[in-house]
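For chain A, the structure is supplied; the task is to place chain B on it using the hints.
If you're matching them up, the sequences are chains A and B in order.
First residue of the first sequence? That's 0 in numbering that gives the first Met the number 0, and the numbers climb one at a time after it.
First residue of the second sequence? That's 0 in numbering that gives the first Met the number 0, and the numbers climb one at a time after it.
None of these hints come from the bench; they were simulated from the model.
A virtual CB, placed ideally from N, CA and C, is assigned to each residue, including glycine.
Selected chain B positions facing chain A (Cβ under 10 Å, derived; list incomplete):
(1) P76
(2) A81
(3) L311
Residue-level listing of the chains:
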Amino acid sequence: MAAEGHKLAIFRGLLKFKSNQQKIWGVLIFLSIVTTIEVALGIIKPESLMVSFLRMKILNWIFIILTIVKAYYIAWDFMHIRDERSGLKNSIVLPLLILIPYLAFILLIEADYIFEVMDSGFVSWNF
Amino acid sequence: MEVTVNAENEEVWGGGNKPLNASYGKLMMWFFIVSDALTFTGFLVSYGFSRFKNINSWPIADEVFTHFPFLHGIDAPMYYVALMTFVLIFSSVTMVLAVDAGHHMQKSKVTFYMLLTIIGGAIFVGSQAWEWKNFIKGEYGALETRGGQILQFVDTTTGKRAAIQEFAIGVETDRATHQPSNGIWYQSETALPTVALAEVKKGFIEDENLVVRTQLLDENGQKTVLSRSESLAKVNEAVAVVEGANLVHNEYGNRLFADFFFFITGFHGFHVLSGVVINIIIFFNVILGTYEKRGHYEMVEKVGLYWHFVDLVWVFVFTFFYLV
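Bound conformation, chain B alone:
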């Protein structure tokens, strides 16, 4: 049994015992990590809940996250998030090397590895911002029906997705964005989509090669593509144009998909951001020699625990958002 309480020690209750051989600060960090792990569990499990509830119509992640920097128009699913994963794992390694150097009281090494960790974290947060930008901007656009179903378009000649901005045909309209200054003063409207519903409908009717792709998955796990006549009927049911994603509408499919994307990766990104800030504070403390004077680098170990936890969470987010 690993119990440290010394029977001969009269001062058992006088403090100073460490039955778990860990300092107060480290234990508190572990408490925080366990509770934060349960928070992320709550998020990810509710994502699973929504996904299982809509199991036959959930968006396919490979079709949503297809961008890679400098590769415009090339379909590159997964590569970018894989890169982000490697960046985060690597910054985790530099962190643990900093902790190890701290055990040996090597100030310059701790400084160097902390700096690398901060850079890695910053690259990760930046990558996530880029990912969000692409997700919010969208690529092909879609129509939404009254029931909130998303209708995407496929060009039958190529079998690829068709962008609404490309096939829409201009229709003369006076419709302008509603501003409180020139309309009803207590109402306002976000910017109108680049193409109007009537233009998309007109463009769709003119081009015989276009068909509608619905949210529903067939038995092979692919989205159902309707025939031309079914498509024409379906397009008439559309009530709105959707470009990109926000918390209410998204062109990728189920509305909950974008909500969970924003909440889970946003919550995780916020953790990374605060981790970077904390790392910077500790980094300056290391440079100033605070821990050299204190005689130990346990503070580095504590932020290290937090940093590894953030990496650990990303491993799960990566699996459940991008892989499964």
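Okay, chain A solo, but in the shape it has when bound:
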């Protein structure tokens, strides 16, 4: 990858930087803002976000989505995936994108089932 081969726009071209260094600082500011929002929400824990949605609190959904956003910018701009060929990009991202949600899905469903069995079973776990 040549030094001048960087793609300098983030947010789908909404924000364009003049040089790669500027883009790095821009991404740092963005990541810091996201982390600050996460920490602030984690400390305040607003009542309105403590409602359950799809079996999990909205607050937790927000945390997970913000984490994925952060992961995207770290991989795309710090690890330069944005500048790689689509072949390399896909062979890195697609296996993870398919396997991780799959593993999470089956194991969490299984854990939920085990919880039900332990909770409604005839064995006491609290002794």
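Chain B only, in chain A's frame:
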């Protein structure tokens, strides 16, 4: 289509083609990162498994990680890990600046940014060690029942947690730590807790204001606090004193919680440590001018990939251990 194979090139199979426009070393680093990402996935998902399995009794992270340097006794959840996160993100930025300077063949800038990255990494590992120290040492202590349930104590006058070391009342006992030299030679025992079970029980019975807090979460996501009479019955079921945490017992609640804490943050901390070591090696190579002679700073880019990956993993560990 972005295919580089040149049809006119007779030497297609003679090597030297880079269909992905990335060098061998960089591709291998990516292979490693993808497989390592799946390893961390395995850890984090099994953490999720255990947590969903014990969804109504899992420890609340905000109550466990409350320490901040120089703020003794002040309840400061999250701040310390947030600081660690910022340190790691910042060291990621200095790393990517070093990579960028390497593209422009600016040796002194690469040296400077690599140094900052190493310092950032060292601060992070040190912070994690401090976090572990607090976690292992514990704060309030707890009793454990025969079924492995943790009983914590609350002072009803203040509504705050009560430390067993403070309310326990001394009981005369000859019980000493079992040493192989003065007991059964093939058995030994780790150091006894600072207070004995009988002392905690006695102290609890004497102080009318103390009640037991169980592991179970109520519908508001708070730990269930028992009434005084229920507490007295519960304390009689206790079989051991637990102070701090190890792989077998921990005062925070479910045993798996401490196990996963040690394994996941330990595995990540080991990655950071090895990243720092690799960065130091590359740092000296930069100073010696190895890459100047080679004509490119791709090695910096490769360790950069690893370093960013470590940062990426921390983003997830931070979310699933401290936030969610």
